[in-house]
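Asks: One-letter residues, chain by chain:
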Amino acid sequence: MLWQRKHILGLENLSKEEISHILQTAKPMKEVLLRPLKKLPTLRGKSVMHLFYEASTRTRTSFETAGKILGADTASIAVAQSSVSKGESLLDTAKTIAAMKVDLVVIRHAASGAAAFLAEYLQAGIINAGDGQHEHPTQALLDMFTMQEEFGDLTGKKVVIIGDILHSRVARSNAWGLTKMGAEVTLVGPPTLLPPEMKALGVKMSHNLDGELEGADVVMALRLQLERQQSGLFPSLREYSRLYGISSQKLKKTGRKTIVLHPGPMNRGVEISSELADSPMAKIEEQVTNGVAVRMALIYLLAGGTSNVMA
Amino acid sequence: MEGITKSRIMDANGIRRALTRIAHEIIEKNKGTLDVVLIGVRRRGVPLAERLQNLILEFEGVKLPLGILDITLYRDDFSTIGFQPVVHETDVPFDVQGKQVILVDDVLFTGRTARAALDAMMDLGRPQRIQLAVLVDRGHRELPIRADYVGKNVPTSRRESVSVCLREVDDSDEVLLMEKPG
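Respectively, the protein sequence lines represent chains A and B.
Okay, so the first sequence: first residue is 4 according to this note's numbering, each after it adds one.
Okay, so the second sequence: first residue is 17 according to this note's numbering, each after it adds one.
These are calculated hints, taken from the structure and not from any lab test.
Incorrect hints may appear among the rest.
Below, computed lysine-lysine pairings styled on DSS-like, alpha-carbon distance capped at 30 Å [claimed, not checked]:
hint : chain 1 : residue 1 : chain 2 : residue 2
1    : A       : 202       : A       : 161
2    : A       : 19        : A       : 33
3    : A       : 286       : A       : 71
4    : B       : 79        : A       : 30
5    : B       : 79        : A       : 33
6    : A       : 260       : A       : 202
Keep in mind that this is a model prediction, so the values were computed, not measured.
Extracted from the complex, chain A is given alone in its bound form (with noise of 0.2 Å):
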């Protein structure tokens, strides 16, 4: 397919042949990223700006090493030390950023649509890095593209995703990318952490666990938040672990082989076993091997070979 996108900034708005390429893009970046000269001078001369404005460990990282790989220059915002602390606006420190010619711009930020807001006033690319509680893009696409190492196609799959849907942007953007793809999205989490209008994705949800880990192919547990505590949306660490801590014993109840995703950072013992976490069922650690895979993927896309981009 021609590739027409300036920017990244959610999977609702991409097509299934869109993220497919994406996908399909990435496998050739995971062969160069195992090599042990792992660099391309396909983007030389090409500028990439990280601004996160929420902590991030291994998103920015990923992004920065992705660039690096292209051999594209990359830039990090510490946005404590910036110039933000001083009261800039998201505006004024983005229009700052596109006036040094920077080809694309990263942004994770705490207000859902903060992306696209920059995608209508900057010149450059824009990647959504995580907005709010909205999408973030790029951790929905390395989930679906470790899926699709492990089965190939993903139609008809089961992927049943636990936790703290409510506040997750991880389960989100997933949620509309695996119903485009054709899998069979199952939403769990207690009452207070599962909003029942994104039944409107074509996902199924439950609050009871264990009704749903049968023939699941997938099990992916959220990060429990655990500031939500506090707030009273429930009532005990221990009593969420019971009902939606995953284990190896719980997930013996799938009945297949079944892998194990986790976005990261974990609260062991909390949503996931710390011997489920290390056993060969997840593939966490590959989860963030690839996640540099798809991110060189996207800026590939984004900044190489410019001239049949629309805005």
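Dock chain B against chain A, hints included.
Replies: Frame of chain A, contents of chain B only:
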């Protein structure tokens, strides 16, 4: 391939004979098959490399290692071409360190693909020597590059193009000289 066909430069037999000769030349020049590996450049270099592999197996009883090289990420025209080239996988499942690498491609023209292939090879390791085998050399080099093994030299004009069809990809074995429209 766009344009009108002016003539058929090679037919199936012509391609077979040229590859047979190249297979013999590779064995002769490398004094056998020790440390020789074949690397097909996507896309049509790959079936050509496979055919050379089979011929050398037939002549010498040795199956040479075969790899696949995608040179897209090493192109020098990213900022000028009017489309975004699709990246495919490079698959070289052996160490090229110290090897006699035979790069195989269908047409040698400006030399820019060969240049990209050389850079791509170097990123995979340090071969002892790299040689270039092509089915057709049509001239018009823009870089100081030449082939070690040539199926057929075809003088062409810039307005012409050379279209290599291989049955693994195109249902037929032939090389056509085309005139570009306009």
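Asks: Tell me if the straight-line CA distance from residue 79/B to residue 30/A falls inside 30 Å.
Replies: Cα-Cα ~28 Å, so holds.
Asks: Decide if the proposed pair is consistent with the structure: residue 286/A and residue 71/A, CA atoms, cutoff 30 Å inclusive.
Replies: holds (25 Å)
Asks: Between the alpha carbons of residue 19/A and residue 33/A, is the straight-line distance 30 Å or under?
Replies: The hint holds at about 21 Å.
Asks: For the pair supplied as a hint, residue 202/A and residue 161/A, is the alpha-carbon distance within the 30 Å limit?
Replies: With a Cα-Cα distance of about 16 Å, the restraint between residue 202/A and residue 161/A holds, given a limit of 30 Å.
Asks: Taking 30 Å as the top limit, are the C-alpha atoms of residue 260/A and residue 202/A close enough?
Replies: Satisfied, since the Cα-Cα distance of roughly 27 Å is no more than 30 Å.
Asks: Within a Cα-Cα threshold of 30 Å, do residue 79/B and residue 33/A meet the stated pairing?
Replies: This hinted pair holds, its Cα atoms lying about 28 Å apart.
Checked against the numbered hints given earlier, this structure breaks none of them.
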